[in-house]
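A.B. asks: Taken in sequence, the protein lines are chains A and B. Taking my numbering, I'd label the letters of the first sequence as residues 1 to 709. Taking my numbering, I'd label the letters of the second sequence as residues 1001 to 1709.
It is worth saying that the hints were derived from the structure and are not from the lab.
Straight line, CA to CA, 20 Å or less: simulated EDC-like cross-link-like pairs of lysine to aspartate or glutamate:
#1 Lys284/A to Glu1085/B
#2 Lys527/A to Asp1522/B
#3 Lys1218/B to Asp236/A
#4 Lys1050/B to Glu617/A
#5 Lys50/A to Glu1617/B
#6 Lys527/A to Glu1501/B
#7 Lys1527/B to Glu501/A
#8 Lys218/A to Asp1236/B
#9 Lys1527/B to Asp522/A
#10 Lys1284/B to Glu85/A
Now the stretches of chain A that chain B is said to cover, found in silico as 3 or more residues with beta-carbon under 8 Å:
#11 512–522
#12 550–556
Nothing here was measured: the structure is a model prediction, and the numbers come from that model. Glycine included, every Cβ here is placed at the ideal spot set by N, Cα and C.
Number of protein chains: 2
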Amino acid sequence: MKETKFAICLLLACSVVAPAQQIETAQPANRQHRLMPAPSAIHFLSGRLKIDASFTVATDGHTDARLEAGIYRASRRLEGRTGFEFMRAPASDSQTATLLIQCKGPGSPVPSIREDESYSLDVSEKQAALKAATVIGAIRGLETFLQLLEGDPQGYFIPSVSIQDKPRFPWRGLLIDVGRHFEPMEVLKRNLDGMAAVKLNVLHWHLTEDQGFRIESKRYPKLHQIGSDGLFYTQDQAREIIAYARDRGIRVLPEFDMPGHATSWLVGYPEFGSAPGPFKIERKNGIFDPAFDPTREELYKFLEGFFTEMAQLFPDEYLHIGGDENEGHQWDKNERIQAFMKANGIKDNHALQAYFNKRVSKILQKLGKKMIGWDEILHPDLPKDTVIHSWRGPASLAEAARKGYDGILSSGFYIDLMYPASQHYKVDPVAADSTLSESELAHILGGEATMWGEWVSPETIDSRIWPRTAAIAERLWSARNVTDVNDMYRRLDAVSLQLEELGLTHEKNVDMLLRRLTRTNDIGPLKTLASVVEPVKEYHRSQAHPATMLAPLTRLIDAATPDSRGAREFSGLVDGLLSDAPLFRQNRDRIKILLAQWRDVRPALEVTIHQSPILFEAERLPRDLADIGDAGLEALSYVAADVSPPMEWRTAKLAMLEQASKPKAEVEFAIIDPVRRLVILAAEISELKNIPVSQWKQRVLTLAAEKNR
Amino acid sequence: MKETKFAICLLLACSVVAPAQQIETAQPANRQHRLMPAPSAIHFLSGRLKIDASFTVATDGHTDARLEAGIYRASRRLEGRTGFEFMRAPASDSQTATLLIQCKGPGSPVPSIREDESYSLDVSEKQAALKAATVIGAIRGLETFLQLLEGDPQGYFIPSVSIQDKPRFPWRGLLIDVGRHFEPMEVLKRNLDGMAAVKLNVLHWHLTEDQGFRIESKRYPKLHQIGSDGLFYTQDQAREIIAYARDRGIRVLPEFDMPGHATSWLVGYPEFGSAPGPFKIERKNGIFDPAFDPTREELYKFLEGFFTEMAQLFPDEYLHIGGDENEGHQWDKNERIQAFMKANGIKDNHALQAYFNKRVSKILQKLGKKMIGWDEILHPDLPKDTVIHSWRGPASLAEAARKGYDGILSSGFYIDLMYPASQHYKVDPVAADSTLSESELAHILGGEATMWGEWVSPETIDSRIWPRTAAIAERLWSARNVTDVNDMYRRLDAVSLQLEELGLTHEKNVDMLLRRLTRTNDIGPLKTLASVVEPVKEYHRSQAHPATMLAPLTRLIDAATPDSRGAREFSGLVDGLLSDAPLFRQNRDRIKILLAQWRDVRPALEVTIHQSPILFEAERLPRDLADIGDAGLEALSYVAADVSPPMEWRTAKLAMLEQASKPKAEVEFAIIDPVRRLVILAAEISELKNIPVSQWKQRVLTLAAEKNR
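Take these sequences, add in the hints, and give me the full structure.
C.D. replies: Laid out in structure tokens, this is it:
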């Protein structure tokens, strides 16, 4: 075994200098991998390890209940995919096991930011050897093993490969906001499974919000009893989630947002508010005034009692106190608070919040917890082990790092804003032009995708998290130069399907919601529409359609998914066509089929909408979609005939596209850009002949980007 | 209000003599209802009650937490379907509320077989008035109210209607076997919701099997600790299920199967077995030897201790002891038992089991529980409040009734056998030619659908239960003359979609499993196949493909659903075509499209199968499907050309269909019969001209039923 270890050391050393792409060039037959996140180093060899009913797993070295459970889960998933029933007994002889796991030790009893998550996986025709320093490393490697499974007419197999892998950042999280909309236990569990599948390691559990207080407090029971509508996690349930996460090598970071976002606390304990109350659970969406009164000593006693209870419940070394979006309106209006500020030389609300944070920080220090909060909390008085959670961007992280604070990034990873994965994928916790020193860089711990809960229900949350979060997981695990967007999407499509086996509903609930919308099984026409629209982005939802947190999330916008796969595929087809200048034959038939489908679906779609009042808001969309299809088809006709359309045609079509691009029913077409390219192509077909063919595509893209020119 | 009550009394009296169908003839414009189960009496009026954002509910009379929770759930579902956000505060004035609920009292604190579940629902343009004697009656009425929702270009509405309703049988159950395959809490909960939606009122919780002991025993912890693979319900979870069921007016009947089916008990307590042991959790499917030793006094002490614990946990007045399929092989071989039998004049194993049952019955009597068990337990020594659960059929129930025993039927309601809903729908707990007196008839309490757990996982169980169980629910609730199969299917399709809003996965997991089988989103070809095949019926599964309870349930057979909707629709199209003799134009184009799709999908389907080794077992099916499609198309060509095919054609096609009808990959085509009709039609087209046109269809059906003639 010593030789093998030595070889691995060499390869590991190698992987530091040679990023994945370079090593991949050495692959036999240019084999592409479908791994996500991409490993540090991967080297395909010739040959394959057959996977059949005789599949066995052996451990050689450390093993424990967590590793055995991980092996069991991985085996079940492999059985589910392949249909084989494996012998579940450990292989008698580690040399003959299909998968041999050599794990050096258990890792820390509570998953920690210092965990060694590295592993190596060497697959030959005889055996797959997974080596790791800790059980968590082995669990990461098992996920890679599962992603490697392939099938062809010869059967299922794992290609021979050598992988060395470890994360770029130690903090790779997903925030789930259960305050605004409560999420049942099974939603959290299946998402923890999804996180583990893409090697995320922190569940940031946003437990309190103006709209709900979601964790049982035995010490201050009015918090959950009257601040939650009965929708909270018992402490037993919290322990269940923590154990479930631990089994998968995931930390659970609890957040108790303060001093703002505190309405639900004050429903039961109005005496800690900065206004007289009474307070009611907030139903709306937005930023609200209720805030703790930082001038009351009783508040700190209360918080010490509360945090003492929570520090015992949550084993993670960090505790998140939020700290965001406190505008201090109640402080401004409270004479007592104003007098306190004057008496203590506290010059503004920011300083008052800093005073509050310092007091909270002392409590947490006493309890052995490190404090983490949003950008706003950054203040020189805070201890250096405080962590800054940035919604502002890499620059604010860099600034904190220079001051010696650790930080994590969420700016750019706000998945609730409904942007495509490609946009999140571009974001890096470290700016490309970063001037941070190596020791400063070490303060950038990673990042978190944030699933803010304004507009998600248990039925829709998975489709807002997945598969896009897998792209963010790759950003945080893989080398910074893994940035090929097309390749990311190719792998994302594969991983998205694998995520379904964990019970995630991001794919299957789409049709389910369409059936509910139409009250029939005949969802074809609506599906044609839904597959090319996306929910409105940023914070535009509910501006046209006021709604509270109690509103049903069952409209077209809820069935529509961010990052429309249909639109992305269409866009790719059009780009292929443009690349085929001057023939423009590539993909043309497929493009025409899609365009004709959009044009022709209008009557059936209108019938569907007229029979379903919940869809009345979408009544304009069939016509828009037909117009879009029409414009594309006309453009292709001009191109095929090599005839320039009249100027008015171009103007009319661009105006139509501009109109169609405006959100209706709070969804927007994701196919406007590629159709605009077709229109521009047709309109410019004569002009293009004046420039070299190789520049045609770029010229069209540029003109289309200028829109209404 | 008195006048209204009087009118209702009249209508109720009326409904006893006038079954639903007769009253329906009085509907305006022949309006069809989509209710399932069909109510005792329904009378549509002209007009509609508009459902919009101003929807409110008021209660006038008794209300309590259970009713309020029921109203809340119903309102949420209505919001989910309509997209409106209702004001959730109770209407200030009961006269202006959209829905007014007048409930006389709470009903029994524990749902009981004597519960009054009747209700009336009168919907006018101003208000819907729901009246019930108990909260459970009101909850039943709320489900009817939800099923009445319609939508059209004017918006959502409930048609004006007058409904009086009450169940035909008081015991309407669903058995879920969690012994062979464990089902998580959320599976039970969503199925309880489904049960409530179709007015079932007993969850028969089959908690113990050779393959697993699924309930925590604090008194005998080795039962669940080493008899369950860790897959059991804690007593807290059992209480949670009982409360969840109670909220929906559903009894929870626990079953502890004995003296056979007892392997998992004996793993922890081998001393109660009839053979020396040790015992291991059974992995296979079948009938096994391990059985309690009824000659040991310690056994009855153990059972008394166990039942004392369970009697406290489960509040239902009944307790099921199974009693089925004990073949007594271990008794035969045990000298001690043989000696005991001789000494006590016990002549055979049946008598020994009767002795055991009598002892168990005494224990249950002491604990205030009535005993229920399968046919085998029937014995004159048992107390008259024992209930017989029949897997043998209505005759055995009638026999028990004559002896004064209550009984429920499951024979004919075995949904695990994969028969279509139409078959279960024909079964009635009381034989059509029953000679039972009225007082004897009162002993027939109802029935239960049985979801035996050999081949169901949490991913597939819903599609094995739903929607077919809704048809059984109708059989047990509605008048015995509600028997129109086509009308049942029309309503079943509607109710199936509504069941999805409760989280049931019977629709959405089909595509999910197809995606897993193919490892792609491109499931079109496989879906074409899966939509016209059904799982093999009866107990044929796993005979060709040996598998244990640990095998993955992710094969084509698991994605296929019983009672193929695609095949049923095709069959209906063909029957329409036959009715259109001698033109045979009706549905012809649609039939040809489907046949051509089956013929043409072969290459793509073969590619799919070759890329997915789990589908290799289905490699013959694309060819079969293409042959089937071809045969149908050829038949239609002959018919259209009015040309008789050669005799060899008929012989060849019928032989091909016979071959294609044989199960492969443990699925079978459900489209053989209608295609055979097309073949016969073509083959007989000249002969048919010798008989009156009106007889053509029947003639084809008869000849086709004779198959290879």
